[in-house]
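For chain A, the structure is supplied; the task is to place chain B on it using the hints.
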Amino acid sequence: MSESIIQIIYLIAAVCFILSLKWLNTIKSSRRGVIVGVVGMLFAVTGTLLQPSIEYFTWLAIAIVLGSIIGVPLALIPMTKVPQRTALSHAFGAMAVTMVGTAEYYLNYAHINTFVMSTLSIEVLLGSLTFTASLMAAGKLQELLPSRPITYKGQNFVNFGVLGAALVLCVLLIMNPAASLSVHILFPLLIVLCMIFGVSFIMPIGGADMPTVISLLNSYAGLSASMMGFVLNNKLLIIAGALDGASGLILSIIMCKAMNRSFVNVLFGAFGQVQASAAATEQRSYRSAGAEEAAELMRTASSVMIVPGYGMAVAQAQHKVRELFDILTRQGVDVKFAIHPVAGRMPGHMNVLLAEADIPYDKLIEMEDANDELPQVDISLIIGANDVTNPVARHDKTSPIYGMPILDVDKSHMVMVIKRSMNPGFAGIDNDLYYMDKTLMLFGDAKAFVSDLIKELTRED
Amino acid sequence: MNPEMLSNLFVFVLAAFVGLEVIQRVSPLLHTPLMSLTNAISAISVVGSLVIAGEGKTLLSTVLGTIAVGAAIINIVSGYMITYRMVIMFKKREPKKS
Chain A
-17 MSESIIQIIY LIAAVCFILS LKWLNTIKSS RRGVIVGVVG MLFAVTGTLL QPSIEYFTWL
43 AIAIVLGSII GVPLALIPMT KVPQRTALSH AFGAMAVTMV GTAEYYLNYA HINTFVMSTL
103 SIEVLLGSLT FTASLMAAGK LQELLPSRPI TYKGQNFVNF GVLGAALVLC VLLIMNPAAS
163 LSVHILFPLL IVLCMIFGVS FIMPIGGADM PTVISLLNSY AGLSASMMGF VLNNKLLIIA
223 GALDGASGLI LSIIMCKAMN RSFVNVLFGA FGQVQASAAA TEQRSYRSAG AEEAAELMRT
283 ASSVMIVPGY GMAVAQAQHK VRELFDILTR QGVDVKFAIH PVAGRMPGHM NVLLAEADIP
343 YDKLIEMEDA NDELPQVDIS LIIGANDVTN PVARHDKTSP IYGMPILDVD KSHMVMVIKR
403 SMNPGFAGID NDLYYMDKTL MLFGDAKAFV SDLIKELTRE D
Chain B
2 MNPEMLSNLF VFVLAAFVGL EVIQRVSPLL HTPLMSLTNA ISAISVVGSL VIAGEGKTLL
62 STVLGTIAVG AAIINIVSGY MITYRMVIMF KKREPKKS
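Just so you know, the sequences run in chain order A and B.
First residue of the first sequence: -17, per our numbering; consecutive thereafter.
First residue of the second sequence: 2, per our numbering; consecutive thereafter.
Bound conformation, chain A alone:
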């Protein structure tokens, strides 16, 4: 009887999770979505604690209290640090899954069946590689580790070798879960190999590929939780894990499409390698301007499209950008923001930063819609974005970013680019946009330059 009550509580929790994601479809219902998600989790935890087999509550209570104490400050970090927080929590989740898988294996290896052992192997494989990979990603995003790709000769060979060896170990374990060799050597070795793979697979990944990789790790974390559900014969785990896995998968597909690259290319292509070849470009002429001239032009414009990129996040310029938005809007200029799907370091990164700065979300325009509007726009103002505006993606078949959908800022009447220097962006490709007759380069730190623009715009009011 009590077992069926627990199952019904789990069913309610599963429904809550599905509703939670459904209500995240629109901004209006999104708060409700988060709340129903919390309710689902409370049901899940309560249902579990009702299980009669749970006898030791002291340690559970300590773990729950400690977890909450660490969790709260992690939720209060500034929005610019959201990508690294996300990566870090993927690591925590994957670590939990791996630990449970390990505990389950050592409890039951004597009488585990082939199907359960297969799911357990996948659980531990995905869990342990996601753990170290996410830690690496978090380290790169927090710039504790160099964020540029680290490559060496034969890297893909080594990576595939380690992964292949791990898969062979999985097969051996599935065939013979209770053998003494499996218990004492193969299982621990599997975890070690997967952890090594996690590290080596993130090494060649550069900052600009992070949106795709974070989404992929999100998917893995979900799938491994789902596999844990198979091992523990718990349908709630299977459902919630599958939802998370599906979400990560969709986001990574969207990110790949937005860069016109395949998964394989993102994971094994090491985009940064082309950097060397770009050094030899000849000097070309460009026009630059100061804040005064730029402000004057903006004042006379009737529409401005701001294109934010990771540079805006690095310079923490979003609040200054909001001030600029307010002033221009007050002066009758129609200001909007064009958001490229891979701008920033995770999906939706720019939207969250701009929303935090209090910019109304109906002014944040997706790429397709922005491209419809750009030919009529007087000034495109690019802040800390580069490759997503490079027209070379449209016509130069030899360019590494050829085919990537871009924001057609070159079609607007005038382009302004706030940039520190003429150095090329992450792909190491010179941006033709900067040499066009209608382009003005505004050199300086994004935050400082936008502040200067604001000063100029308010001075003569």
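Hints listed in this document are in silico derivations from the structure and should not be mistaken for laboratory results.
Hints are supplied without guarantee of correctness; some may be wrong.
Stated by the list, open to error - Heads up, simulated DMTMM-like pairs for lysine to aspartate or glutamate below, C-alpha to C-alpha not over 20 angstroms straight-line: (1) Lys437(A) / Glu355(A); (2) Lys92(B) / Asp316(A); (3) Lys93(B) / Asp308(A); (4) Lys92(B) / Asp340(A); (5) Lys393(A) / Asp340(A).
Below, chain B alone, put in the same frame as chain A:
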């Protein structure tokens, strides 16, 4: 494969399809909150961790389970809180303040 496992497989495949359908409709504006929300939801592994830790069968399983409970709780607490913080930031144009 016994019927129990088969029904688990059914549940997995159907849930994955529900997930794909539901999440495809999420506005790109909300992709970051989506990821932190699914992150919190996938901390459902707390359920497995609680069982492993609470049954206290062996020292190894209790220690691993307890750490796993802690890690999952971190994700639940920080995941839901930060998602809520994010979604309340999205506002329409408030009436003009002069």
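Hint by hint, here is what the structure shows:
1. Lys437(A) / Glu355(A): Given that 20 angstroms is the threshold and the Cα spacing comes to 28 angstroms, the pair is violated.
2. Lys92(B) / Asp316(A): holds (18 angstroms)
3. Lys93(B) / Asp308(A): Cα-Cα ~14 angstroms, so holds.
4. Lys92(B) / Asp340(A): holds (7 angstroms)
5. Lys393(A) / Asp340(A): violated (29 angstroms)
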